[in-house]
Amino acid sequence: MSQGADPQPHGNPNAGGSNFNGNNAESRNRANPYVKDFERLRNMGAEFFKGAIDPKDALDWIKEMERIFNLLECPDEARVEYMYYLLRSDAYDWWLTVPGAQDRTIRYTWAEFLEKFRKQYVPDLYVDRKKKEFLDLKQQRGQTVKEYDATFHRLMTFAMELVPTERARCNRYEQGLNPQIKMIVAKSETTDLATLREAAMRAEDLVNELGAQMAEGRKRTWKNVGSSSAGNSFGGRPNQIPKISRPVASYPGQERRSAGPAHICPHCGNQHVGVCRRVTGGCFRCGDTSHFLRDCPHMSESRPAGSQTTIQGSRRTGGSVRGSGRGGNNRGKSQGGQSSR
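Under the UniProt record's numbering, the first residue of the sequence shown is numbered 1, with each subsequent residue one higher.
Read the hints as simulated data drawn from the structure, not as lab findings.
If you're wondering where the values come from, they're calculated on a predicted model, not measured in any experiment.
In this text, a Cβ means the ideal position worked out from N, Cα and C, and glycines have one as well.
Hints may contain errors.
Calculated cross-link-like contacts (lysine to any residue; reagent style SDA-like; alpha-carbon spacing at most 20 angstroms) [said to hold, decoys possible]:
no.	residue 1	residue 2
1	Lys130	Gln120
2	Lys131	Asp57
3	Lys119	Asn208
4	Lys146	Asn208
Ranges of calculated distance between the beta carbons of each label pair, as one might list FRET restraints [to be verified]:
no.	residue 1	residue 2	range
5	Glu189	Asp124	13 to 21 angstroms
6	Asn70	Asp128	26 to 34 angstroms
7	Phe48	Ala215	48 to 56 angstroms
8	Asn70	Leu135	26 to 34 angstroms
9	Leu135	Lys187	20 to 28 angstroms
10	Asp124	Gly217	15 to 23 angstroms
11	Gly100	Gln140	44 to 52 angstroms
12	Gln143	Val98	27 to 35 angstroms
Model the full assembly from the supplied sequences, consistent with the hints where possible.
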């Protein structure tokens with residue numbers, strides 16, 4: 001028979017198919033009792049099969065045909081007859097190569113037909129690959145329980161012998177769930193797959209709700225930190241000018257004030273406590289007005305850190321202090337004209 005020719009249903013005594021293809025519907029129905037229901041089968045959605053490169057397409061066609069056969073309560077022997085006629089093009093050419101396919105005395109059962117069909121269009125390598133995918137299946141990041149469930153059931157059709165009981169299916173289902181969801185549903189210890197699926201979906205809602213609350217909390221925290229930083233880059237209150245500490249000068253015999261910050265002296269431009277020595281004219285070492293710095297009897301004593309000698313010795317006005325003695329030729333004067341002491 002040439003490629004693409006329509007096959008004749010088994011059981012038709014007229015090999016030429018004159019009655020089947022004729023105009024007399026009554027004689028056609030008498031010749032083959034299955035012909036009268038073929039149009040009904042087509043109306044239910046039965047499609048011709050011309051062959052498939054992708055095994056998934058072949059499996060989808062078989063599953064759809066089984067669904068229609070079950071709906072019509074089609075007997076086993078009738079299924080083979082209908083499938084024989086639904087094969088077209090490459091698929092029909094393949095069927096002609098099956099041993100006994102053209103022998104009208106041989107009747108294949110539905111199970112035998114499925115075995116031969118799957119061997120041709122769904123090779124073992126493809127099935128083994130799907131079994132491995134089933135065993136390695138994990139709920140991916142961003143994948144919902146519903147999406148995971150659909151993938152689980154699709155792959156399980158290739159690995160039914162690996163999970164023969166409902167308990168085994170539940171164990172495999174639970175192993176593939178998101179760790180957070182699995183931690184919750186593990187407490188249920190259910191052995192019903194549908195119940196486990198519902199528990200996983202409820203756990204998913206809980207995990208998503210807690211995640212949203214944590215994200216909102218982090219958002220508020222960063223918002224508060226951001227507003228505080230925007231108001232003051234030093235981490236203080238908004239619009240508050242930070243205070244920078246400086247060494248504060250102290251004089252011998254003068255009480256050091258620790259409460260409150262020292263202010264910048266308008267006379268010398270430095271920070272110190274007490275009256276400025278530039279105003280009193282006192283010695284920069286001890287404050288006595290009877291002598292200058294070079295004649296100070298306290299010069300032999302250890303110089304305290306942060307004394308006004310050090311601070312006032314370098315003026316912000318740019319002048320320098322010369323430590324010449326009283327009456328010396330190079331008696332220094334500041335930019336303001338005041339003698340150094």
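Non-conforming hints, listed in increasing numerical order: Hints 3, 5, 10 and 12 are the ones this structure does not satisfy, whereas the remaining hints hold.
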